[in-house]
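Student: Here's the letter readout for the chains.
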Amino acid sequence: MCTMIIEKTKVQGSGKGNKGWFKFSQANVSFDHPTHLHQDYSINIDFIEDHSKENKRIAIELTPKSAKDLIHTILKSLNKGEKMGLKI
Amino acid sequence: MYITNNYEGMLAETISLTGHNNDEINAYFARPLNTKPVPGVVLIHHLPGWDEWYKETTRKFAHHGFASISPNLYFRDGHGEPDDIAAKVRAQGGVPDSQVIGDVTKAMQYIKNLPYSNGKVAVFGTCSGGRQAFLAGCTVKGFDAVIECWGGRVVMQKEELSDKQPVSPLDYTKDLTCPILGLFGAEDESPTPEQVHIHEEELKKHNKSYEFHMYESAGHGFFYYDKPVYRPEACQDGWEKIFDFLERKL
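Protein sequence lines correspond, in order, to chains A and B. 1 is the number of the first residue of the first sequence in this note's numbering; add one for each residue after it. 1001 is the number of the first residue of the second sequence in this note's numbering; add one for each residue after it.
This is chain B alone, in the form it adopts within the complex (with noise of 0.2 Å):
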């Protein structure tokens, strides 16, 4: 809770790390500039790219009191306006699952390796970085939350798996090591309501810490606030989701 006569302070950068096969890559870093032990969140941006709401909600997460890292899944496929690179890796099929994972891993050490950390850390992903948040809380150990964020193809048909997904993320819930809070939209194509039930029984019959929300009036994407798929009460309710739960597992 901030009131208007605390003090309030921010450092955001970039940065450089050392990512899955200790590539060099960079990442997004914001933080609080207070002395006391923070959680941590990584940020797992979705397959429009390292883009400008990424670093936004970077900050967002900073501003709300934890040390927050995106780091940029597509270094590797060069550098220019992100739409471009992300136009580039849409057309390779995106980017290998255990590279994102050993990115992520990699991001998720920094943030517990900084002096003022409290040990604790949470993944969150929207979109293609929501499947991989959850991806990475049932295949990375060290995690203490996931914040899965309309994850489409968390539940695949064998013919939609590749070389660079392989497994469909389904099948490692067994693996889960953390609660999760999944924010969905029941006109969203995909995840479709169906498939976001599969993911939930699947939960279920392991006996998972899950709270899973569906918004009736918003399909996909709905915190984007320049897209037509913006939905600002389902918006507000899923932010204030989001930090409740997060106050509560970190």
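Looking at chain A on its own, in the form it has when it is part of the complex (with noise of 0.2 Å):
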């Protein structure tokens, strides 16, 4: 299986799915087999709403090399706009 690795953290934000935009409140990072991305293993990211009955959910699957990318461009864009005075 199955690495089992999987880390929670709570967040505030919004994502759309194929129901329409719903409000998220945690994000379920595994590091184990994507369901759709052709790779063995993965970073897969799961924007859950948090005691939904209806499962909602936003699923990202990425390579663990387009995962490390993507938190420095994360970084970047939070730097550009603590410099511009945005809140964070």
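No lab work stands behind these hints: they were computed from the structure. Even for Gly, the Cβ is constructed at its ideal location relative to N, Cα and C. Mixed in with the good hints, there may be bad ones.
[As the list claims (entries may be wrong)] Simulated restraints on C-beta separations:
| id | chain 1 | residue 1 | chain 2 | residue 2 | range |
| --- | --- | --- | --- | --- | --- |
| 1 | A | HIS36 | B | ASN1026 | 22 to 30 Å |
| 2 | B | LEU1114 | A | LEU75 | 56 to 64 Å |
| 3 | B | ASP1175 | A | LYS68 | 41 to 49 Å |
| 4 | B | GLU1013 | A | ILE88 | 52 to 60 Å |
| 5 | B | PHE1212 | A | LYS68 | 34 to 42 Å |
Put the complex together from the two separate chains, hints included.
Tutor: This is the structure in structure tokens:
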């Protein structure tokens, strides 16, 4: 299987799935087999609405390198925003 | 062996099953339409869920003459598309071993109670299901054969144990009551060839009947035809070994 590597964090955001936009409150990050991406292992991020009975989920599967690149890109954006005086 | 002028028919459907703790769950069941007594197979689905591949494989066993059942081990976690339910279960750290074993036991009893059962049942699983198939062979009385395909975490370190998976399956090896067929890939990272070696040594130590095969050019999940891990030669040979093993043991 199946590394069972999973990390969870509370987040505040919105995403758009097949049933439209919804607010999510948690991100589950696993380093495990993807469902769709053609890789043995990937970084899988599920943005979910905690305690939702509808299993609403935005699912992302990234190659490990893409995940690292994305982290740097997000940090770059945050730094630029901070310099412009945006609150974080 | 199927020949072209044989009658061939199959029934395949979702059924209700009384599972662990007498919970009502659902299961996918397939059987050949004939009047002869047939052996059975219980399929333990993998961590990606109770998905299409498992239903196809349940029908594959029925096509080869087995009454086959795949209990939905994630039934208690709600309903939706299989990958969404699997993501939910993954976030919860999987399902407890005790619950899986309870569901699998009831599935085996369901098969054995069929009026056309020959009384012999194997347990089959891939990935996390491979691990649980071995666990079932060790902890449940009544199975006649185990087919473990690339079962990761049969060999567990202390720090990997949890409330849901409190014992390393390897520790139950002495209790295995039936022959086991194991199929593995040399390029797999879970289980690694070293872990498969430890697994094999433990079986040897306890004089268990086992047949392990390691495919050199394969990694994890080499039966999954829609994944990059698919290895046609290993897959073809693996299925031949499975049906040969079942013919000899059931």
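Student: A separate judgement is required for each hint: does it hold in the structure or not?
Tutor: Hints versus structure:
{"no.": "1", "hint": "HIS36/A to ASN1026/B: 22 to 30 Å", "result": "holds (25 Å)"}
{"no.": "2", "hint": "LEU1114/B to LEU75/A: 56 to 64 Å", "result": "holds (60 Å)"}
{"no.": "3", "hint": "ASP1175/B to LYS68/A: 41 to 49 Å", "result": "holds (44 Å)"}
{"no.": "4", "hint": "GLU1013/B to ILE88/A: 52 to 60 Å", "result": "holds (55 Å)"}
{"no.": "5", "hint": "PHE1212/B to LYS68/A: 34 to 42 Å", "result": "holds (37 Å)"}
Hint violations for this structure: none, all hints satisfied.
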